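On the provided structure of chain V, position chain E as indicated by the hints.
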Amino acid sequence: MDRVLAFAAKATREAEVQAVESRFTTVGFETDRLKEVQTREGWTMGVRLLVDGRVGLSSTNDPAEEEGVVRRALELAPFGPEVNFELPSPQEYPEVPTYDPAIEGVTAKKMVEFFRSLLADLKAAYRDVLFEGGVTAGTTLLSLKNSRGLDLSYRKSTYAFWVSGTRVQGMDMLFVGDRQRSTGPVWDYTRVKASVLRQLDLAKNLVPAPAGRVPVLFTSRGFAGTLLGPLLAALNGRTVVQGASPLAGRLDEQAFDASLTLLDDPTIPLKPPARPWDEEGTPSRPLPLVEKGVVRNFLYDLHTAARAGARSTGSASGGIGSMPGPSASYLQVLPGQVPFDTMVANVQDGLLVEELIGAGQGNTLGGEIAGNVLLGYRIQNGSVTGRVKDTVIHCNLYHVLRDIGAIGQEAEEVGGFLSVPPILCLDVSVARKE
Amino acid sequence: MRDRIEEALRGHNADYIELRIEEIEGTHLSFRNTELEDIGRSRSLGGCARALVKGGWGFVSFTSLEGLREKVALAVSQARMVGGKRLKLAAGPLIDEEVPPTLPKDPRTVPLAEKVALLREYTDALWSVPHIQSTGLAYGDRYRRVIFANGEGSYIVQARVDVNFRPWAAARDGGDVQQYGVSLGSLGDYGLVEGKHKEVRGVAEKAVELLSAPRLHGGEYVVICDPILAGVFAHEAFGHLSESDFVYENERVQELMVLGRRFGGPHLNIVDGAAIPGLRGSYKYDDEGMPATRTDLIREGVLVGRLHSRETAAKMQEPPTGNARAIDFHFHPIVRMTNTFIEPGTASVEDIFAEVKDGVYAKNWYGGMTSMEMFTFSAGEAYRIRNGRVAELLRPVVLSGNVFTTLENVDAVANDLDFNQGGGCGKGGQAPLPVSNGSPHIRIRSCLVGGA
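Residue numbers (our numbering), protein chains in the order written: chain V, 1 to 434; chain E, 1001 to 1452.
This is chain V alone, in the form it adopts within the complex (with noise of 0.2 Å):
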């Protein structure tokens, strides 16, 4: 990288290099067997380049490649996107534990088993369901430097394991599943079988779906799979420049409902997307991007942050060898008041929702969301009555959420980087196949 940089150091003042190198190994199942056991290594190294205001890009996974990396960024440069910003210097970074040595002791063997056991529970439960998922654990070196002396690096260790269910009945099929991720290994898959086995339980028959509009409850896994998203995509600072979000211009005012608080924070330690700095160097903090309905925030990196006369919140992300763009690390919805058990009881009639599928097509940054039904159950007189299929729902973001109907206590990790409770929205749009 030093190399990189002293060629580099001949054409420009500000130069960046980051590098990436990993190592996973992944066990596989299929159709209730172990299937498969993979190892994945891998180095590759983005240079950026700031050019009499412009940027030029470039990314090598060769190591002897240090000088033709610098040439093809020094190549694109006279054509790249105009910034107005300086690379950061060195400063004082948080102290963020990423890495768990237990990590180390994982071995292929000990996933298969723990896999095999979570197998075993739930066919024990459900015969007729054939189930797929694996467990991965690795760790991931990352580096960063640039030519104001920035010289920084720290590790992270990541495990997953994720589990999905297929039933299929004549034409009917049924898909569940769940997963879970943490920086350390975790022999316990408590959360994941019961949430698994709570979809089995609640889709064994089928109910026609309400019409009209309707309340709807979103899970913990349906609110990030179906709101959180686009809700993201208006906070980006990127979105927030290029004048397309809806709440450009809003900063402190009251968009939501009092009941919505939103957060983002790569300090928590050994949380998945955990980090002291950012992608380029900009130390990590917490960002408060929604208090109590009113916007507070929104997400930058420098590129963002100069265009919006901001400061970068720390939020660059995901550009080695392309522009890195600004995006929420570990997302916290604050929980509500309310436990799931009494937001199911106060539905009439309504429908909850797991998962949709297509929900992020359509015109998501107007805040539209429709999607079909993939898993969800109908709510009848205060409880479940059984599944819905061929629904469909439409509602927008900005209108539910500025009137939610209830936020619940038990608030759930999503995928290792999200914390979000269930959500009460009132008066969606329904409408089902006869």
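Note that these hints are calculated values from the structure, not bench results. From a predicted model like this one, the values you see are computed outputs, not experimental measurements. Glycine included, every Cβ here is placed at the ideal spot set by N, Cα and C. There's no promise every hint is true.
To be verified - A few chain V positions that, by computed beta-carbon distances, are all more than 10 Å from chain E:
hint, residue
1, 100
2, 116
3, 117
4, 198
5, 249
6, 250
7, 285
8, 409
To be verified - Only pairs whose alpha carbons sit at most 25 Å apart, straight line, appear in this in silico DSS-like list of lysine-lysine:
hint, chain 1, residue 1, chain 2, residue 2
9, V, 35, E, 1054
10, E, 1085, V, 110
11, E, 1085, V, 109
12, V, 123, E, 1315
13, E, 1427, V, 35
14, E, 1054, V, 110
15, V, 123, V, 204
Just chain E, lined up with the frame of chain V:
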């Protein structure tokens, strides 16, 4: 290199072993509004080893080409860990060949300055339309050269260049925002991107037009799909069910997808095949070194075939089809589609519209997902059909339904087959894989249409 690869493959105690060494070079370029947003050039070199021992697979991917033999040995020992019943893969021919890339116009020979200048012209074309709020253009080309060698003695070198181009625009009227975009692609042809000023301007015009279009009241309608949307339907809704890795170990799915089962009327024929030349999903050998084929999936409404890897073909005792593909060396090959299409029928497009008193004409594709039996697609553009004629433009609609019912409901297939080369398919974490989809206009007698 050949000596090193062949040496690395010699003398392992496995039922099957293979090595892939790949070189990938890509350029990407994107505009957001009138500014160049991102430009980059990447290069990667790496490989992977895969081994089969008693039905279990071991896989190792790497970016350093040192110690190839040890990498194969690690894959073998991982495969041995899996254990199980012995599996003999479907027989493959021994091939020793270098396949040159299909390159009608090699994008790598076009200077970057020329690419940037052309995209600037297209940006101007988008912004020449009043009421445009935001626009985007994304261009990418990717060269991938693969050396494939297996323990059976095959040694295949193949290279391909994939080109894609996506213009979009959003128009705004007060708080109302409407978007429109198209997705184009080609196998090794930069010509795809050239001379598209009129089409690109049309994208912006359509976005503006949508602002004043009425919403459709959701419900069941007679729907006519244009070749793009119908092709995506063939791929997403039916094609994925034909991928044998979904079928081969699941008895229930085997009952559902039993060959000979009727899925539609005698006018319904669906085909997949990488052997059809010059399309984005075309190749000569797949990533297991098997020759590409052309596979009938549905013939005259009846299920007659499916897509296989060497493993699924052996387990189902069906002929291999050369459909095992990997997106790059980080991944092992899995069963994938290539060029998937509905064959043309005999009716003219006018004929299939003529009988529709009240319906929806859904065109282009904006997004879509399936969960095998259920599908949801956003059409980029939709019109009302009244008395056999295309009437007013509607706000974009979402088509949704059950795959089997919808296939049965296809009651007319026109004669105007056309291919959409802009697709990228995702499966098992491997995306976007270059594919093409095709179809003539088709009519669905009843389909759930949601307004968006």
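Hint check results:
At roughly 24 Å from the closest C-beta of chain E, the C-beta of residue 100 of chain V stays outside 10 Å, upholding its exclusion from the interface. Listed as outside the interface, residue 116 of chain V is consistent with that label: its C-beta sits roughly 12 Å from the nearest C-beta of chain E, beyond the 10 Å cut-off. In this structure residue 117 of chain V is separated from chain E by more than 10 Å, as the shortest Cβ-Cβ distance comes to about 17 Å. Every CB of chain E is more than 10 Å from the CB of residue 198 of chain V (nearest about 19 Å), matching its label as outside the interface.
With a cut of 10 Å on Cβ distances, residue 249 of chain V stays outside the contact zone with chain E, its closest approach being about 13 Å. Distance to chain E confirms residue 250 of chain V as a non-interface residue, since its nearest Cβ pair spans about 13 Å, more than 10 Å. For residue 285 of chain V, the condition that its CB be more than 10 Å from all CB atoms of chain E holds, with the nearest at approximately 26 Å. Against the 10 Å criterion, residue 409 of chain V stays outside the reach of chain E, whose nearest CB is about 31 Å from its own CB.
Simply put, residue 35 of chain V and residue 1054 of chain E have alpha-carbon atoms about 11 Å apart, close enough for the 25 Å limit, and the pair holds. Between the alpha carbons of residue 1085 of chain E and residue 110 of chain V the distance comes to roughly 22 Å, so the proposed pair stays at or under 25 Å and holds. As the CA atoms of residue 1085 of chain E and residue 109 of chain V are separated by approximately 19 Å, the hinted pair is consistent with the 25 Å bound. Among the hinted pairs, residue 123 of chain V with residue 1315 of chain E is consistent with the structure: their alpha-carbon atoms are about 24 Å apart, no more than 25 Å.
Using a Cα cut-off of 25 Å, the hinted pair residue 1427 of chain E and residue 35 of chain V holds, with the two alpha carbons roughly 17 Å apart. For the suggested pair residue 1054 of chain E and residue 110 of chain V, the alpha carbons sit about 21 Å apart, so the restraint of at most 25 Å is met. Restraint check for residue 123 of chain V and residue 204 of chain V: satisfied, since their Cα atoms lie roughly 16 Å apart, inside the 25 Å limit.
This entry satisfies every hint, going by the numbered hints stated previously.
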